[in-house]
Amino acid sequence: MTDWLTPEEWRAVALSLRVSFWATLISLPAGIAVAYVLARYRFRGHQLLNGLVHLPLILPPVVTGYLLLLTFGRKGAVGAFLDQTFGLVFAFRWTGAALAAAVMAFPLMVRAIRMAIEAVDPRLEAAAGTLGASRPWVFVTVTLPLILPGIIAGAILAFAKAMGEFGATITFVANIPGQTQTLPSAIYAYLQVPGGDAAAFRLVLVAIAIAMLALLLSEWVGRSVARRIAGA
Amino acid sequence: MTLDVRLRHAFAGFTLDIAFAAPAGVTALFGRSGSGKTTVINAVAGLLRPDAGRIASDGHVLFDSAGGIDVAVHRRRLGYVFQDARLFPHLTVRQNLLYGRWFAPRGPGETLERVLDLLGIEPLLARRPGALSGGERSRVAIGRALLSNPAMLLMDEPMAALDEARKAEILPYLERLRDETRVPVLFVSHALAEVARLATTLVVLEGGRVLRAGPAQDILSDPAAVPALGIREAGSVLAARLARHEADGLSRLETPAGPLWLPRVAADPGAMLRVRIAAQDVMLALTRPEGISALNILPATVTAVRLGEGPGAVVQLRAGTELLLARVTRRSAEAMGLAAGRPVFAVIKSVAVAQSDIGGSG
Numbered sequence: 001m002t003d004w005l006t007p008e009e010w011r012a013v014a015l016s017l018r019v020s021f022w023a024t025l026i027s028l029p030a031g032i033a034v035a036y037v038l039a040r041y042r043f044r045g046h047q048l049l050n051g052l053v054h055l056p057l058i059l060p061p062v063v064t065g066y067l068l069l070l071t072f073g074r075k076g077a078v079g080a081f082l083d084q085t086f087g088l089v090f091a092f093r094w095t096g097a098a099l100a101a102a103v104m105a106f107p108l109m110v111r112a113i114r115m116a117i118e119a120v121d122p123r124l125e126a127a128a129g130t131l132g133a134s135r136p137w138v139f140v141t142v143t144l145p146l147i148l149p150g151i152i153a154g155a156i157l158a159f160a161k162a163m164g165e166f167g168a169t170i171t172f173v174a175n176i177p178g179q180t181q182t183l184p185s186a187i188y189a190y191l192q193v194p195g196g197d198a199a200a201f202r203l204v205l206v207a208i209a210i211a212m213l214a215l216l217l218s219e220w221v222g223r224s225v226a227r228r229i230a231g232a
Numbered sequence: 001m002t003l004d005v006r007l008r009h010a011f012a013g014f015t016l017d018i019a020f021a022a023p024a025g026v027t028a029l030f031g032r033s034g035s036g037k038t039t040v041i042n043a044v045a046g047l048l049r050p051d052a053g054r055i056a057s058d059g060h061v062l063f064d065s066a067g068g069i070d071v072a073v074h075r076r077r078l079g080y081v082f083q084d085a086r087l088f089p090h091l092t093v094r095q096n097l098l099y100g101r102w103f104a105p106r107g108p109g110e111t112l113e114r115v116l117d118l119l120g121i122e123p124l125l126a127r128r129p130g131a132l133s134g135g136e137r138s139r140v141a142i143g144r145a146l147l148s149n150p151a152m153l154l155m156d157e158p159m160a161a162l163d164e165a166r167k168a169e170i171l172p173y174l175e176r177l178r179d180e181t182r183v184p185v186l187f188v189s190h191a192l193a194e195v196a197r198l199a200t201t202l203v204v205l206e207g208g209r210v211l212r213a214g215p216a217q218d219i220l221s222d223p224a225a226v227p228a229l230g231i232r233e234a235g236s237v238l239a240a241r242l243a244r245h246e247a248d249g250l251s252r253l254e255t256p257a258g259p260l261w262l263p264r265v266a267a268d269p270g271a272m273l274r275v276r277i278a279a280q281d282v283m284l285a286l287t288r289p290e291g292i293s294a295l296n297i298l299p300a301t302v303t304a305v306r307l308g309e310g311p312g313a314v315v316q317l318r319a320g321t322e323l324l325l326a327r328v329t330r331r332s333a334e335a336m337g338l339a340a341g342r343p344v345f346a347v348i349k350s351v352a353v354a355q356s357d358i359g360g361s362g
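Protein chains in written order, with the working numbering: chain E, 1 to 232; chain G, 1 to 362.
Only chain E is shown next, with the shape it has when bound in the complex (with noise of 0.2 Å):
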């Protein structure tokens, strides 16, 4: 299997999968939340807010990555706080790229969790609360177990598309091997060099294959968890 991509290749896929997982998992707990709110209340600014969770899916990626630079950058606002009081750096990681990634997912992630709480009956939150249940409470033990076919298809989606992200972690971190060279940016580079060809193919076709992978672990896992949920 190792011998089948060149270490250079398979760090640029190995690199690709940790900076999804990860901007994936970070990502959740804010996209449930977010989600939750969008979907639960109305409020001054809801509007706002839903614009800015989806402005990543509408702007050219290349304007979000140079967005990133400017704030998460070494010399951004954010980015140096961050630097000097718990020494995180963003700009030219790997983190960089799980940041950007998470970033540019988070729209359909949101999308995906608000559809399965608006699809939550809020009757049975109210029976729940009858029943003794706080909010929090009711969240946890009703709401939570109802939406968690939406949150695994989100979470998917999100990673897909994490996988695929290229412009804005481009624009953002670069294209070092070895630090940020994800599997898109890796593709590029050997498109650009006489003879990657072959390479470039190899890729893809892991491209190929994790996305399939991806597309149907989502449904099966989606459609046992609502089987289980729908109990008969």
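Hints were generated in silico from the structure; no laboratory data involved. Keep in mind that the hints are not guaranteed to be accurate.
What the hints assert, rightly or not - Taking CB as the label site, the calculated pair distances span:
#, chain 1, residue 1, chain 2, residue 2, range
1, G, A131, E, Y41, 30 to 36 Å
2, E, L217, G, G120, 39 to 45 Å
3, G, E113, E, L55, 55 to 61 Å
4, G, E113, E, F21, 46 to 52 Å
5, G, G230, E, R227, 45 to 51 Å
6, G, A160, E, R223, 31 to 37 Å
7, E, H46, G, R106, 52 to 58 Å
8, E, Q47, G, P215, 37 to 43 Å
9, G, Q95, E, H46, 33 to 39 Å
As the list claims (entries may be wrong) - Partner residues aside, some chain E positions facing chain G, computed with beta carbon under 7 Å:
#, residue
10, M115
11, A119
12, R123
13, L124
14, A126
15, A127
16, T130
17, G132
18, A133
19, S134
20, P145
21, L146
Virtual Cβ for every residue (Gly too), placed ideally from N, Cα, C.
For this one, chain E is given, so just place chain G on it according to the hints.
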């Protein structure tokens, strides 16, 4: 245990303004759809915040607009049985039943074993709500509310979604609930037969106002309450004891008004029953009728006559210690000279009393 409710709430084109007290036992909120019943019960549960008012259970204030008190739903400890059951689809029947247990304060309350026995739902424990019939769902919903150790049980037409057969299946369980647990019940209904079987206290709502409130037996046998209850539905409730089943398929019941023969009653001899006698099934005679097919002829005295707007009249009778209602025409009332104090005979056809009009009584 007394629940005191006073509230005012304005909807578009409708204002609710009511006050009543629900003592221990089963209190029925009766009224047509749109009379505000569900709003009242939702306000008591804390699912709806009224514009103004005060709700207190045994002096424990749940809501007081003047005092700025509004106890959160989950702290009110009122078990709510919804019309649509609202079982959690992702949990088994057992998990649904025990849901409230996680949050209920420890203390004396119903045990799972007793609730399973009371409602006959033990065989359903491992199933999920998706695989239950309507009647089973209702029973599980009642059990779930009971097991949350509530100070009071609220029921919003727990049987409205059920057909007649399922209703007949649930009613005995509700009667057992009334007679065997000490949990007071506030229930909403627009079916008078149901109310007559279950309620000890009756609150009649109409257009967002309380029309009548008091002991159920008093209101059900009050001719003045008949228009509010519906003339076709009106009728009084007799306390009865099942004496014996007879060979020809009839059952003999002893009531303070005299003996009644009814088509075989599904109960054991000695059982205490509540029998609803609809006003339109009672015929009056000045002398004891002879050669008549009706089996039940009870001597009685007229206590009140209420002439209606149309050709009808409602006559209240005292038979023994019980009150009966009879629906007759104005013409007959005048021809017979019916007035308070006049002795009459009340004639009741045995077959007029339906099985669904006979309920258990503790």
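Going down the list of hints, with the structure as the test:
1. G:A131 / E:Y41: 30 to 36 Å: holds (35 Å)
2. E:L217 / G:G120: 39 to 45 Å: Distance hint for L217 (chain E), G120 (chain G) holds at roughly 44 Å.
3. G:E113 / E:L55: 55 to 61 Å: holds (58 Å)
4. G:E113 / E:F21: 46 to 52 Å: Holds, since E113 (chain G) and F21 (chain E) (Cβ atoms, about 48 Å apart) stay within the stated range.
5. G:G230 / E:R227: 45 to 51 Å: holds (47 Å)
6. G:A160 / E:R223: 31 to 37 Å: About 35 Å separates the Cβ atoms of A160 (chain G) and R223 (chain E), which means 31 to 37 Å holds.
7. E:H46 / G:R106: 52 to 58 Å: violated (42 Å)
8. E:Q47 / G:P215: 37 to 43 Å: Taking Cβ atoms as reference, Q47 (chain E) and P215 (chain G) lie about 56 Å apart, which means the hint is violated.
9. G:Q95 / E:H46: 33 to 39 Å: holds (35 Å)
10. M115: violated (18 Å)
11. A119: With a minimum Cβ separation of about 12 Å from chain G (threshold 7 Å), the hint on A119 (chain E) is violated.
12. R123: holds (6 Å)
13. L124: holds (6 Å)
14. A126: Cβ of A126 (chain E) sits 6 Å from chain G, so the hint holds.
15. A127: OK, holds: A127 (chain E) within 7 Å of chain G, min 4 Å.
16. T130: holds (4 Å)
17. G132: Result: holds, 3 Å to nearest chain G Cβ.
18. A133: This hint holds: A133 (chain E) lies near chain G, its Cβ roughly 5 Å from the closest one there, short of 7 Å.
19. S134: holds (5 Å)
20. P145: holds (5 Å)
21. L146: holds (6 Å)
Checked against the numbered hints given earlier, this structure breaks hints 7, 8, 10 and 11; the rest are met.
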